Structures are given as C-alpha cells and as structure tokens.
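Colleague: Spelled out from the first residue to the last, the chains are:
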Amino acid sequence: MEAIMSEQLEPRRTNEINEVDITKVSFSKVEQPGPKGFFTQLQGFWVTFITQFKKVNTVEYPEVKEPTAERFHGRHQLNRHPDGLEKCIGCELCAWACPADAIYVEGADNTPDNQMSPGERYGKVYQINYLRCVFCGLCIEACPTRALTMTNEYELADSTRGKLIFEKEDLLAPLRQGMLQPPHPMYPDMTDTNYYNGDVTSAHPSQEQK
Amino acid sequence: MTNAQLIATDPGWVIALKALLIFAVGVVLTILSVWAERRIVARMQMRVGPNRVGPFGLIQALADGVKLALKEDLIPAAADKIVFIIAPIISVTTAFMAFAVIPMTGKVNFFGKETAMQLTDIPVGVLYILAVASVGVYGIVLAGWSSGSTYPLLGGLRSSAQVISYEIAMGLSLVAVFIYSGSMSTSAIVAAQHETWWYGMVLFPSFVIYAISMVGETNRAPFDLAEAEGELVGGFHTEYSSLKFALFFLAEYVNIIGVSALATTLFLGGYHAIPGLGFTETWLGGWFTFFWFFIKVLGFFFVFVWLRGTLPRLRYDQFMQFGWKVLIPSSLLWILVVATLRLISNEGSSRNTTFIFAGGVVVVVMAISAALDSSKSKKRNRVYPQAAQPSFPVPSLPQNGGDHV
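Chains as they are written, first to last, in our numbering: chain A, 1 to 210; chain B, 1001 to 1405.
No lab work stands behind these hints, which were simulated from the structure alone.
Hints should not be assumed to be uniformly reliable.
[Stated by the list, open to error] With a straight-line Cα cutoff of 20 Å, these simulated DMTMM-like cross-link-like pairs (lysine to aspartate or glutamate) come out:
hint, chain 1, residue 1, chain 2, residue 2
1, A, LYS168, A, GLU63
2, A, LYS54, B, GLU1037
3, A, LYS124, A, GLU92
4, A, LYS124, A, GLU169
5, A, LYS168, A, GLU120
6, A, LYS168, A, ASP158
7, A, LYS124, A, ASP158
8, A, LYS55, B, GLU1037
9, A, LYS36, B, ASP1373
Values in this document were obtained by computation on a predicted structure and should not be read as measured data.
Looking at chain A on its own, in the form it has when it is part of the complex (with noise of 0.2 Å):
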C-alpha cells in the first residue's frame, strides 16, 4: 500500500518530457469553414422569433420555490442524539477546519446535574457567522461526531449583522419524538461509546428531570 502510494506522489522527472521527438508529433488539420450564406444567416431571425412563444425557464421566486438539489450546502444544523442529548463535544475541529473562520466555539464539562451530550465535553457556545461563511462544507467534513451537517435553507438574508451570527439555539437541531430537553442524565447502563454505534433509539424514562 505504502508503495503505491509514494510512487503515484513522485513527482514527474524532467528529463521524460524532453524524451518525446518533436519531429514526430502530428498535427490535425483545423477546417476553417468559409462565411455562410445569406439565408443560412437569416435563420438566426427565425429562431429569436419562435422562442418568443416557447415556455420561459424563469422560476418565479419568492412566490414558487423550488426544491434544492439534494446535497446543497445551506445553513448548518446541530444535531442531537435519539435521546435529545447533543452530539457537539466541543472540540473546536469545525472552527480549525474553516476556512472564513466562521465559526467560534467554546467548550464546556458536562457535569452530573448538566449533562449536555454524552461523555465529557460538550459545546458551551456555539456560533456560525453568515456573513463570512462560504458554505464550503469543510466543517461537516471535519466534525468527529457527525454533530454539525447542513440543511438545505438558503434563505438567510437579514437586514443586520448582528442577525446573521447564529447562536446556537438558532442551530440546534428540534426535538423529535422521544426526545428530551438536555441538560439530562445520559442513557442508563449506555457509555459514549453506545451513544456513537447508534444503541440508543430514544430517551428513557429514568433520564427525565424533576
């Protein structure tokens, strides 16, 4: 494996390109048609004409909206595990990945009567800022948890700067069925470890807070 590797990132050796015989190389030759006739041009006339009646592409927007394409990049999403817990540990791989420096986080210890996510850390503040974000997805590329992905909302237009640095309750992902609000203890007999290979399927009445 090794190997193969090295030898596909070698770079080119000079001296291969110089080998080729300019002599022999062949040239095609270019068929430069002459001018076209007068009513071969006129047909131009006869296609702006018909077009006139043909269905426009245009996409009336604000009124129809069409869906995106499937895996277009919009605004990000933090997701939750079944049980509501957050999946964010808050190690900051997403900010060091960005390249707009987009994207702050500060991390926090999960402690028994604050059990954000499961195992020890979780994302205390969590911010994407929209006005310098290039959507580039190199975030969800980085991210160890599959907590950050990205939704296909476009819409993200406001009218002041401050609206477009989205905390991260503006991020969170709802709670869904089964779901419970953190902070709550995490799944009995369940590790962080059972969290991630998907064992838990949604809360359990033992973790609901008084």
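On the provided structure of chain A, position chain B as indicated by the hints.
Modeller: Positioned in the frame of chain A, the structure of chain B alone reads:
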C-alpha cells in the same frame, strides 16, 4: 382637400394642442416602448422580463424614469458646464421636432375643427427631417466632447461618424421616393402612394436600404457601437446622470419612433389602411387612420427589438465598410436605374424600351456580382508560401487564408 390645405387654416389653439399632443404621445410611447422592448427581448431569451411593477410590469419604465429623475445630478469638474447641459437638450429637441411633419391621420374632426393630425406641412418636409436629424448629431458630439473625459469623447466621435455615414445612405434611399412621388412633402408622398402602390413594394431596394440605415442612424443594435459597453463604457453619455441621462434615453427612443414613423410615411403608405381595407379609413370619423399609422410604426419598432434580440454587435470597421462600400454604392446604382426608368416612362417610350433597359440592368448587376464572387473565391483559395518547418511544434495554419471577411 390635401393635408396641406387642411392644416393651413388651423387656428393657434389647434396648433398648440397638436404640439402638446405630439410631445405627450412621444413621452408616453417612450415609456411603453421601453417596457415592450424589455418584455419582447426577454421572451426571445426565454425569460419573463419586468413583471413586478404594476400589471404585467407596465409601470416599470415609469418607475425607472422617476428613479432616474430623483438621482443626484453630477457634472464632472473637467466638463464644459454650459455645453454639457445643452447637449442632451439638443438631442431630445431634435428628436421631437422630426414629428412635426409626420402625417398621422387623414381628415379628422379635432374639437369641432376639420384638420389632419400633422403639425405642419412644408414642401420640403423630408429634407427638414433629415436636417433635424443632422442637428441631432450635435447633441451626441457635444455631449462626448464636453464631458472632458476620454471614453465619452471616443464614443461621441464614433456615434457621430456612424450617424453621418448612415445619413448619406438614408438620404440616397429617399431620392428614389422623391423621383417617384414628385414631391418632398410628407403628406404629398402619402397621397402619391395611395394612388399607386406603397413605395415599400415599388421601390423595394430603397426600402431595404432605408430600413438598414435607420438602424445605423439611431445607434441601435446591431449598430450600437457608440454604447459598446465592453469597449467604451457607456459611450457619449458615460458622464451623464439623473435627468440629463434620462433626456438622452428619451431622445433615443423618440428617435426610434421617429425613423419608424418616417419609414411608415415614405414606404408603407402612411396613415392609409393596408390595401383591401380602405373602407376602415372612415371609421370613428377618420380617426381610425391613426390606428393604421400606429400599427405600422409598432411593426417597425418590433423589428428594432427583433434585431436587438438576434444580432451581435458589428465590429467598427465592418460597420463602416458596410455603410460606405455596400449601402452607398448600391443606393447610387439604384437611383440611376430608377431615374432612368422614370425618364423612359415620362418620355412616353414603348414598353419594349423599358423592358430592354430593365433586362440590361439585371445583366450588368449579375455580371458585377459574378466578378466579385470569383475574385473573392480566388482570394480564399490563395496558396500561401510555406516556411521551412521550425524545430518546435506549431499549430497548423488556417487553410483559406487569414483575411477577414
């Protein structure tokens, strides 16, 4: 009673009202035609065009106009202030002045006064239009020059060169009309066409030459070299803003309507109905003739838009070559033929003479075009000397010579 006699007895208030009407119609038509042009070109490109402001986007052009008028009016520090202000006024005034001699209806009842919708009828009406159009060039030249900036100067020179060149072809194409109608008065030309055929058919080559040169004359696509955005920014009006720019805009569209109206008058029978529908001319007390006039002008306007939607802009040298080497000589040749035919018929010669002459002309034209063709193909098939093969790779040479078309 001819139009000239009808108009001659107009009291002052009718003249004033007519002048006002011409102005109002010009402005409203400009707004509508801007909208129509944008919609039509959009459809030609499978778009919708402006459809937000008002029903079908009808008020878009008006909104644009208001926006333009309310913008900050800048006069560059290097500009010659007085000329800078006068230039757009010249442009727009001359554009409107051409309408004065266009007959738009036959005899109508105008608030109780028998008259024709034509402001004035002078014996050299068409010459007057040409003269006014020439003065309009001053607007462009002065605008380019007074801006005190390079691009507007180049654009202004380009447009003036263009307008002057195409005015020659335009003037020559009208000569045949004068010969046939025996008059230079617009209303007399309309009347003469009503008696025979439309000159657009009888003098078809003149009509074609006029139609081409009127596009060149109004600086419209594909001859809109003056506004070649990629090369000259905006052309002569680069430094203009606000209302002064709006005036140039207005002048351009009024000019389009103006040359279309002249084409209608000289070649398509003016305000008369299309052959076979002559009975409609008495409808609405004669006002229906305005409808026919309007329809024809709109037809020309559509062609303007169609050209813009279809053809790319010409290169400057191609444009000049076409004007000077094709339009003007062919127009001169055509005048020669028309004049001779006219003389033959005036002298009362037999049909045979006419046919022999016409046949002779056809033969000569065919001989000339054949000679041109063979010289062209010779040029195309020219063998170029082959240089020794260099020691480095080179792309092959084009096979039919590098000459431009």
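Colleague: If a hint holds in the structure, say so; if it doesn't, say that too.
Modeller: Taking the hints in turn, this is what the structure says about them:
With a C-alpha separation of about 30 Å, the suggested pair A:LYS168 and A:GLU63 falls outside the 20 Å cut-off, and the hint is violated. The hinted pair formed by A:LYS54 and B:GLU1037 meets the criterion: a straight-line CA distance of about 17 Å does not exceed 20 Å. Restraint check for A:LYS124 and A:GLU92: the C-alpha separation of about 11 Å stays at or below 20 Å, so the hint holds. Distance hint between A:LYS124 and A:GLU169 is fulfilled; the C-alpha atoms sit about 11 Å from each other, no more than 20 Å.
Using a Cα cut-off of 20 Å, the hinted pair A:LYS168 and A:GLU120 holds, with the two alpha carbons roughly 19 Å apart. A threshold of 20 Å between alpha carbons decides the hint, and for A:LYS168 with A:ASP158 the separation of about 18 Å falls inside it, so the pair holds. Distance check on the hinted pair: A:LYS124 and A:ASP158 sit about 25 Å apart at the alpha-carbon level, beyond 20 Å; violated. For the proposed pair A:LYS55 and B:GLU1037, the alpha carbon gap of about 18 Å is at most 20 Å, so the pair holds.
Proposed proximity of A:LYS36 and B:ASP1373 is supported: the alpha carbons are some 14 Å apart, at most 20 Å.
Of the numbered hints given earlier, the model fails hints 1 and 7; all others are met.
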